[in-house]
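Each chain is listed here by its residues.
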Amino acid sequence: MNQPIDLSRPRWRKVISDLWENRARTFLVVASIAVGVFAIGTILNAYVIIQEDMSVTYSASNPANIQIFTDPFDDEFISTIEKVEGVREVEGRHSLNLRISKDEGNTWRTLSTLAVEDFETSTIFELGLVEGTTQPAERELLLEINSVDILELELGQMIWVELADGTIREMPIVGIVKDQAVLGGPDSIAVGYVSMDTLEWLGRPEFFNQLYATVDGDSNDEVHITAVSEAIEDKVERENRTLYETITNTTNEHPMTTTVLAILTVLVAMGALMLVLGSSLIANTLNALLTQHKRQIGVMKLVGAQSFQILGMYILLIIAYSLISLLVAIPLSGVAGYRFSEFMAGELSITLQGYRFVPQVVVAQMAIAVLIPLLAGFLPVNRGSKTTVEKAISDDQSEAQSGNGSFLDRLGEQIEWMSRPLLISLRNTFRRKGRLALTLFTLTMAGAIFIAVFNVQASLNGFIDQISDLFLADVMIEFSEPYRISQIEETLSVVPGVAAQEGWLAGNGEIVQDDGSVDETVILLGPPAGSTFTSPKVHTGRWQQEGDFNTVVIADAVWETYPDLEPGDTLNMKVAGRRTEEWTVIGFFTFPDPGEESLLGYTTFTTLEEELNIPDQVVSYRLETVIQTIDYQTETAKIVDDTLRSAGYNVTSVEAGQTTIQEVSEAMGILVTFFLIMALLTALVGSIGLAGTMGMNVLERTREIGVMRAIGAVDLAIVKSVVFEGVFIGVISWLFGIVLSFPISFLLLRLISTSLFSTPLDLLFSVRGFILWLVVVLILATLASVIPARNAARLTIREVLAYE
Amino acid sequence: MAGTEQHREPLLQLKGVNKVYQTGAGEFKALDNINIDIFPGEFIGIVGKSGAGKSTLLNMISGVSQISSGDVVFQHPGEANKGPVPIQSLSQDQLAKWRGENVGIVYQSFELLPMLDLVNNVMLPQDFSGMYQPKISREKALELLELVELGEHVNKIPAHVSGGQKQRVAIARALANDPAIIIADEPTGNLDTKTAETIFTIFEKLVAQGKTIVMVTHDMNLAPRFTRCLQISDGKIVLTDADGGGTAVSTPSTNGHITENNHHAAYANGTPTEEPEDESQYAVLLKDVVKTYVGPAGSFTALKGINLKIKYGDFVSIVGKSGSGKSTLLNMLTGIDHPTTGEVIIGGNRIYDLTESQRALWRGNNMGIVFQFFQLLPTLTLLENVMLPMDYCNVYKPSERRGKALELLDLVGLVDIARQLPASASTGQQQSAAIARSLATDPPIIVADEPTGNLDTRSADTIVRLFDRLADQGKTILIVTHDPSITQRTKQTVTISDGLIVDNSLEPELSFIH
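Top to bottom, those sequences are chains B and F. For the record, in the first sequence the residue sitting at position 184 is 184 according to our numbering, with numbers rising by one throughout. For the record, in the second sequence the residue sitting at position 230 is 230 according to our numbering, with numbers rising by one throughout.
To be clear, the hints were calculated from the coordinates, so they are not data collected in a lab. Misleading hints may appear alongside valid ones.
What the hints assert, rightly or not - Distance condition first, Cα-Cα at most 20 angstroms in a straight line; then the derived SDA-like pairs of lysine to any residue:
id, chain 1, residue 1, chain 2, residue 2
1, F, Lys-140, B, Thr-702
2, B, Lys-720, F, Glu-356
3, F, Lys-135, B, Asp-6
4, B, Lys-391, F, Trp-98
5, B, Lys-102, B, Thr-659
6, B, Lys-102, B, Ile-168
7, B, Lys-391, F, Lys-140
8, B, Lys-574, B, Arg-238
9, B, Lys-574, B, Glu-233
10, F, Lys-97, B, Ser-307
11, F, Lys-404, B, Met-418
12, B, Lys-638, B, Leu-163
13, B, Lys-294, F, Gln-108
14, B, Lys-391, B, Glu-700
15, F, Lys-97, B, Gly-312
16, F, Lys-236, F, Gly-453
17, B, Lys-720, B, Val-786
18, F, Lys-97, B, Leu-311
19, B, Lys-720, B, Ile-738
20, B, Lys-391, F, Thr-427
21, B, Lys-391, F, Glu-356
As the list claims (entries may be wrong) - Derived list of chain B stretches under chain F, where covered just means 3 residues or more per stretch with a C-beta under 8 angstroms from a C-beta of chain F:
id, stretch
22, 16–29
23, 383–390
24, 707–721
25, 782–788
Unchecked claim - A short, non-exhaustive set of chain F residues, derived as facing chain B with CB atoms under 7 angstroms:
id, residue
26, Asp-93
27, Ala-96
28, Leu-116
29, Pro-339
30, Glu-384
31, Asp-391
32, Cys-393
Small disclaimer: the values here were computed from a predicted structure and weren't measured. Where is the CB? At the ideal position from N, CA and C, for every residue including glycine.
Between the sequences and the hints, there should be enough to build the whole structure, so can you do that?
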C-alpha cells in the first residue's frame with residue numbers, strides 16, 4: 001500500500017472499469033458531489049470577492065469618517081471645523097431634492113441631489129467614473145450608477161427639473177458615476193450631482209447643509225472617530241446650530257458589510273447543508289454499490305484479497321469520484337460565484353475589482369470534495385470490505401429480504417385491509433431502513449427549507465403590511481410648506497375616486513435625559529382624531545383618544561433603551577428642536593427596532609399642531625382611493641399631482657402607496673428568490689437521491705419483480721408498485737418537512753430580518769409553502785420513480801430470474 | 001492408490017466437522033461429523049443430491065464458511081517446518097491470505113470479475129497475495145490461459161466468451177499462485193456435455209501433474225474417473241469409494257452420455273403429425289421449437305427443435321442434466337422466453353402472440369409456477385403471498401380472497417403459520433406455500449422447476465406427496481427435476497439433453513430409481 005499506485009495492476013484496473021463501465025452510477029455520485037461543491041464554491045467565491053472588494057473599493061474612494069447634517073453653512077464654517085483636533089479633511093455638500101421628469105412632464109420622480117463645490121478638487125467620497133465625465137459643467141447633471149436603473153435614465157439624456165415656482169429647467173446627464181456613499185438595498189434612492197454654481201439656476205441658495213470629514217490618525221479606529229465626531233458636534237452646537245444627524249464610519253468598512261456578509265453567511269450555511277444532503281446521497285449510492293459488488297468482493301477475497309486491500313480499492317474509487325466532480329465544480333463555481341457577486345454588487349451598489357480566481361476557495365472546495373465523500377462513504381465501504389466470503393457468495397440479502405421485527409415492520413404487518421400490491425409497496429418502503437433514512441433526510445431537509453423560504457416570504461410581506469397599516473395610504477402627498485387642510489380638501493374635491501382623506505402632521509422628537517443628552521430620537525406622527533389611515537396593534541396600554549395632549553403611543557422597540565417603561569410613565573421630549581416637555585406614554589405597539597434610526601411614535605394631531613405652531617395646517621396629506629390597485633392609485637396620484645400644482649401648491653412628492661410597497665417587495669423578492677433557488681437546488685439533490693434510491697430498490701428487487709410477473713402482474717401493476725413506493729417516501733418526507741420547517745423558518749427569518757432591518761420579525765406561516773411543496777414533492781417523487789418503474793416493467797422474466 | 005496415500009501426510013484433514021445453520025424454523029444440521037483426510041495428488045469427487053451438504057463441505061475446506069465444531073487442518077506439503085494450520089483459528093483476512101497462497105477455487109458460476117479482461121482476471125490472485133510483478137505476472141497469466149487453450153482471447157472481457165471458456169479462465173485463475181489444492185464446486189454444472197468433458201480433462205491433466213483437486217459434481221458418470229469419490233447425503237458421508245470406480249455410487253441413467261440411437265428415437269417420438277389436430281385438446285403443444293441465444297461470444301442453440309404434446313391431467317417430469325436445456329424449455333412453456341422459431345400453444349392459446357404484459361395476466365390465470373428457490377415475496381406473509389395472484393388477476397371477490405387463500409394453505413398444511421413471514425418458515429414450508437400460491441387462481445396447469453432441489457429429504461417427501469394429490473385432483477403438472485422420487489410418480493418423463501428430447505416415455509424409467 002505504501003508503494004506508488006501502479007494503475008496497470010488488476011485491482012486498480014477494476015477501479016477504473018467501475019468508474020467507466022457504470023457511467024450512470026458514476027454520473028449520479030459525481031453529480032451529487034459536484035452540486036454541493038458547486039453551491040458552496042459559488043457562495044464562498046462571492047463571499048471572498050464581495051468582502052475584499054467592498055472594503056478595497058470603499059476605502060479607495062476616501063470615505064467620510066463623519067457625516068453631519070446641520071443648518072446651512074459656508075466655507076468659513078468649514079475652515080472652523082478643519083481646525084478641530086483630529087480632523088484631516090472637511091468638505092461641504094448641499095443636499096436637495098429635485099423633482100425631475102424624463103418624459104417632458106408626463107411623469108415626475110424625485111432625485112436626491114448633492115451639490116459639490118469643486119468636483120476636481122473634492123477628495124472625500126471621490127466619485128468613480130462609469131461613463132461620460134466626473135466633472136459636470138454648470139447646469140449639467142451627473143447620475144449615480146444605481147439611479148440609472150431606478151429612474152431608467154441614460155447618459156446624454158435631457159431631463160426636466162421643476163422648480164418650486166413651477167419653472168422648468170432642462171439639464172443633460174453628462175456622466176454616470178459611482179459614489180461609495182450611496183447604498184443599495186431595498187430602500188435605495190436615486191442620487192444625482194450638480195455643481196454649486198448650478199444651485200442658483202435651480203432656485204436654491206448657495207450654501208452647504210451636509211458636512212463630510214475625515215480624521216487624522218487611525219481612520220479605522222471607531223473610538224478615535226467618535227471622539228473627533230463629538231469634538232465637531234461640540235463645535236457645531238457652540239455655534240448655535242441645530243445638529244440633525246451624525247453618521248460615523250471607519251474607512252475600511254463599507255456600511256453594508258455586516259448586512260451583506262450576514263446574507264452570504266446564510267447562503268454559505270445553505271450551501272453547506274446541500275453538501276451534507278449530497279453526502280447522504282453519496283453514502284446511499286456507495287451502500288448500494290457495495291451491495292451490488294458484494295459478490296465481486298467475495299470473489300476477490302476468495303482469490304486472496306484482504307479487507308484493507310478491498311478498502312483501498314473503494315477509497316480510490318471515492319477519490320476518483322471527487323476529482324471528477326472537482327473538474328466540473330471548480331470552474332463552474334468560479335464563474336457562477338463572480339456572476340453572483342456582480343449581481344449582489346449591482347443590487348447593493350458595491351463596486352467589484354474584476355473577475356479573478358480565488359485560490360483559497362479552490363483549496364476549500366478540494367478539501368470538501370475529497371473529505372465529505374470519504375466521510376460519507378467510509379462506513380459503507382469499510383463494512384463492505386469486511387464482508388465475509390460466505391455472505392458474499394451465498395448472496396445473503398437477509399437485511400433486504402424482510403423486516404427485522406422493528407416497530408415499523410410490526411406496524412406494516414398489521415395492516416391487512418390494503419390490497420397485496422399496495423402492501424408490497426408500503427412494506428418495501430421500510431425494507432432498507434438505512435437507505436430510507438438517508439433519502440428521507442435529504443428530501444425532508446429540502447422540503448423544510450422550501451417551506452421555510454415561503455414562511456420567510458410571508459413574514460417579510462407581513463412586515464410590509466404592518467408598515468403599510470401604520471402609515472402608508474393609497475396616495476401620499478408631501479408639501480414643501482404647510483397648507484390649510486380645508487384649502488387642500490377643497491382643491492382635491494375635483495379629483496375622482498377619492499374615498500377618504502386626512503391631513504397628518506409629523507415632527508422629530510428627541511428623548512432628553514436630565515443632563516440634557518439625547519438618548520433616542522422619535523419620529524412623531526400626528527394623525528387626526530379618529531383616523532382610519534392607521535391601525536397600529538397596541539398590545540400594551542391604549543391608543544390616542546379625544547382630548548389627549550402630549551401623550552405618545554410608542555413602538556415597543558423603545559424597551560431596548562427603556563426596558564421598564566410602562567403606560568403612564570413620562571418621558572422628557574424636545575420636539576422640532578424647541579422646548580423640552582414632559583410627555584406621557586399611554587401605549588405600546590409592535591414595530592421592529594430600527595437600529596440606529598429613529599423610533600416611531602404617535603401623538604395627537606392637536607399636540608403636534610401646537611408643538612409645531614401651524615394651526616389647521618399640514619405638510620403631509622393622505623388619500624384613500626375607491627379602488628386599491630397599483631394602476632388606479634398611480635393614476636389618481638398623477639391627477640392629484642396635476643391638480644395641486646395647477647392650484648399653485650409647492651408639492652414635494654405625490655406617491656401611490658402600492659408603488660412603495662411594490663418597490664420594497666421587489667427588493668425583498670430578489671432575496672427570497674435566491675433562497676428559493678437554493679431550496680430548489682436542495683430539492684434537486686433530494687430528488688436525485690430519491691431516484692437513486694428507487695433505482696437501487698428496483699435493481700435489488702429485480703428477482704421479486706420477475707416473480708410478480710410470473711404470477712400475473714401486468715405492466716401497470718409493476719409500475720404502480722414502484723411509483724407508489726416513491727410517492728409514499730415523498731409524502732413521509734413532506735410530513736417530516738412540515739415539522740422541521742418550523743425551526744428552520746424561525747432561524748432563517750431571524751438571520752434575514754436582523755441583517756436587513758436590524759431586528760427580528762414575527763414569524764408568519766404560509767399555507768402556500770406547505771401545499772406547493774407537497775405538489776413539488778409528489779411530482780419529484782413520481783418522476784424519480786417513473787424511470788425505475790418503467791425499467792422494472794420492461795424487464796422480462798427470463799432476465800430477472802437469470803439475474804445475479 | 002488409496003493404500004499408498006496412507007503413508008503420506010494429509011494435505012488437509014477434516015476431523016469431526018459439524019455445521020449447523022440457524023433458520024427461521026430452528027436449527028438445520030448441514031454437516032454431521034465429517035472426517036476426511038485429503039492427500040497430495042488426490043482427485044476427490046464429492047457427489048450427492050441438491051441440498052445434501054456438498055457445497056457446505058467445500059466451504060469448510062476452503063475456509064469460506066465457519067465450522068460449528070470440529071477441526072480443519074492444513075499442512076503445506078513443501079513447508080512441513082511451518083507446522084499444520086488449523087483453519088478455523090484464522091481471522092477472515094488471514095483466511096483470505098491463506099486461500100490466496102494455498103487454494104485455487106473454481107465455482108459453477110465461474111465468478112470472474114466482469115469488468116476485467118481475462119488476463120487481468122487471472123493476474124488478480126497474484127496482485128492480492130503480494131506476488132505481483134507487472135511483467136512476470138502477465139507472462140504467467142498468459143501461460144496459464146495458453147494452458148487452458150484461451151491464448152487468443154486474453155484481452156476479451158468475460159461477457160465476450162462462452163460459458164466453457166469462462167470456466168477455463170476460472171481454472172487458470174485458480175492456478176495463478178500455484179496452489180497446493182484446487183477446490184471445484186460443480187465446475188461443469190452449467191456447461192454442455194462436450195465442454196464439460198473438456199473441463200474435466202483439464203482437471204485430469206492437472207492431477208497428472210501432481211495437483212490435488214476436490215470437486216463437487218452431480219454427474220455420477222464421472223465417479224470412476226476420480227481417485228476417490230465420496231457420496232454425501234443429509235450432511236453425512238454415506239459412501240466412500242476409495243478406488244474411484246463408482247460402482248457403489250448411484251448413477252441415474254438420464255445423466256449418461258447420449259448415444260446417437262436414443263437421440264434419433266427421441267426426435268422421431270417428438271415429430272409432429274402431418275394430420276391436422278385439435279390444438280385445444282392439449283394442455284401443452286410445442287411444435288419445432290428452437291431457441292438460439294446470440295451473444296458477444298457467438299450464438300448458442302439451447303433448444304434444437306422440440307416437439308412436445310401434453311394432455312390435460314397429465315403428470316409429466318422433465319429430466320436432464322444441468323445445461324441440457326430444461327430451464328429453457330420451461331421458459332418456453334411458461335411464456336417467460338420467446339422461441340426463436342416454432343410454436344408454443346398452451347391450452348389452445350398461441351401465447352407468444354400476446355404482449356409481455358398480456359402474457360403475465362394470461363399466465364396468472366392459467367398457469368401456476370413453482371420455483372426451486374420458492375420465490376415468495378419476503379415482505380408479505382404466507383397468506384398474503386397466496387392472495388397476491390388473486391389480486392393481480394382479479395380472481396374471486398376481494399372479500400372471498402382471504403378465505404380461499406386459507407383453504408389453500410390448509411391444503412398444504414400451513415394454515416397455522418399463515419400469518420408468518422416466509423423468513424420465519426422452514427424451506428419445506430416455504431415451498432408448500434409456493435405451491436399454494438401456484439394454485440391461487442385455480443389454474444389448469446402447474447409448472448414446477450426443481451421443486452425439491454433445495455430441500456432436505458423429509459421436506460422433499462412432503463412436497464412430492466402434495467404434487468401427487470394435485471395430480472389426483474386432475475391438474476396438469478409439469479415438473480423439471482433431478483429427483484427420482486418424483487419421476488417414478490409421473491405418468492410421462494421427458495428426457496432432454498443438449499437441447500433435444502432424447503426420450504419421451506409414457507412409463508417411468510425405473511432403472512435409476514433406488
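Hints, verified against the model:
1. Restraint check: the Cα-Cα separation between Lys-140 of chain F and Thr-702 of chain B comes to about 39 angstroms, which exceeds 20 angstroms; the hinted pair is violated.
2. The hinted pair formed by Lys-720 of chain B and Glu-356 of chain F meets the criterion: a straight-line CA distance of about 17 angstroms does not exceed 20 angstroms.
3. Of the pairs offered as hints, the one joining Lys-135 of chain F and Asp-6 of chain B holds, with about 12 angstroms between alpha carbons and a cut-off of 20 angstroms not exceeded.
4. With a C-alpha separation of about 19 angstroms, the suggested pairing of Lys-391 of chain B with Trp-98 of chain F holds against the 20 angstroms cut-off.
5. Note on Lys-102 of chain B and Thr-659 of chain B: the hinted pairing holds, with a Cα-Cα distance of about 19 angstroms set against a maximum of 20 angstroms.
6. Between Lys-102 of chain B and Ile-168 of chain B the alpha-carbon distance is near 12 angstroms, which keeps this suggested pair within the 20 angstroms criterion.
7. At most 20 angstroms may separate the alpha-carbon atoms for a hinted pair to count; Lys-391 of chain B and Lys-140 of chain F exceed this at roughly 31 angstroms.
8. For a cut-off of 20 angstroms, the pair hint linking Lys-574 of chain B to Arg-238 of chain B stands: about 19 angstroms separates their Cα positions.
9. A distance of roughly 18 angstroms separates the Cα atoms of Lys-574 of chain B and Glu-233 of chain B; the hinted pair therefore holds under the 20 angstroms criterion.
10. Between Lys-97 of chain F and Ser-307 of chain B the CA atoms are separated by roughly 10 angstroms; this keeps the pair inside 20 angstroms, and the hint holds.
11. For the given pair, Lys-404 of chain F sits about 17 angstroms from Met-418 of chain B by alpha-carbon distance, which is consistent with the 20 angstroms threshold.
12. Pair hint Lys-638 of chain B plus Leu-163 of chain B holds up; C-alpha atoms about 18 angstroms apart against a cutoff of 20 angstroms.
13. Proposed proximity of Lys-294 of chain B and Gln-108 of chain F is supported: the alpha carbons are some 18 angstroms apart, at most 20 angstroms.
14. Taking the CA atoms of Lys-391 of chain B and Glu-700 of chain B, the gap is about 16 angstroms. The hint holds against a cut of 20 angstroms.
15. Taking the CA atoms of Lys-97 of chain F and Gly-312 of chain B, the gap is about 16 angstroms. The hint holds against a cut of 20 angstroms.
16. Simply put, Lys-236 of chain F and Gly-453 of chain F have alpha-carbon atoms about 18 angstroms apart, close enough for the 20 angstroms limit, and the pair holds.
17. Between Lys-720 of chain B and Val-786 of chain B the CA atoms are separated by roughly 9 angstroms; this keeps the pair inside 20 angstroms, and the hint holds.
18. For the suggested pair Lys-97 of chain F and Leu-311 of chain B, the alpha carbons sit about 15 angstroms apart, so the restraint of at most 20 angstroms is met.
19. Pair hint Lys-720 of chain B plus Ile-738 of chain B does not hold up; C-alpha atoms about 26 angstroms apart against a cutoff of 20 angstroms.
20. Under the criterion of a C-alpha separation no larger than 20 angstroms, the hint pairing Lys-391 of chain B with Thr-427 of chain F is consistent with the structure, at around 19 angstroms.
21. Taken as a hint, the Lys-391 of chain B and Glu-356 of chain F pair is broken in the structure, with Cα atoms around 35 angstroms apart against an allowance of 20 angstroms.
22. Taking a C-beta to C-beta cut-off of 8 angstroms, the stretch 16–29 of chain B contributes 3 residues in contact with chain F, enough for the three needed, and the coverage statement holds.
23. Coverage of the stretch 383–390 of chain B by chain F holds in this model, with 4 residues showing a Cβ closer than 8 angstroms to a Cβ of that chain against a need of three.
24. Proximity of the stretch 707–721 of chain B to chain F, defined as three or more residues with a beta carbon under 8 angstroms from a beta carbon of that chain, is established by the 11 residues found.
25. Counting residues of the stretch 782–788 of chain B whose beta-carbon sits less than 8 angstroms from any beta-carbon of chain F gives 0, not enough to reach three: the coverage restraint is violated.
26. About 4 angstroms separates the beta-carbon of Asp-93 of chain F from the nearest beta-carbon of chain B, less than 7 angstroms, and the hint is met.
27. Taking 7 angstroms as the C-beta cut-off, the interface hint given for Ala-96 of chain F holds, the closest approach to chain B being about 5 angstroms.
28. Checking Leu-116 of chain F against chain B: minimum C-beta separation of about 6 angstroms stays under 7 angstroms; hint holds.
29. Proximity of Pro-339 of chain F to chain B is violated relative to the hint, the smallest CB-CB distance being about 12 angstroms (cut-off 7 angstroms).
30. With 7 angstroms as the threshold, the beta carbon of Glu-384 of chain F comes within range of chain B, its nearest partner Cβ sitting at about 5 angstroms, so the hint holds.
31. Of the supplied interface hints, the one on Asp-391 of chain F holds, with its beta-carbon coming within about 5 angstroms of a beta-carbon of chain B, less than 7 angstroms.
32. Contact between Cys-393 of chain F and chain B, as hinted, is supported at the beta carbon level, the nearest pair being about 4 angstroms apart and thus within 7 angstroms.
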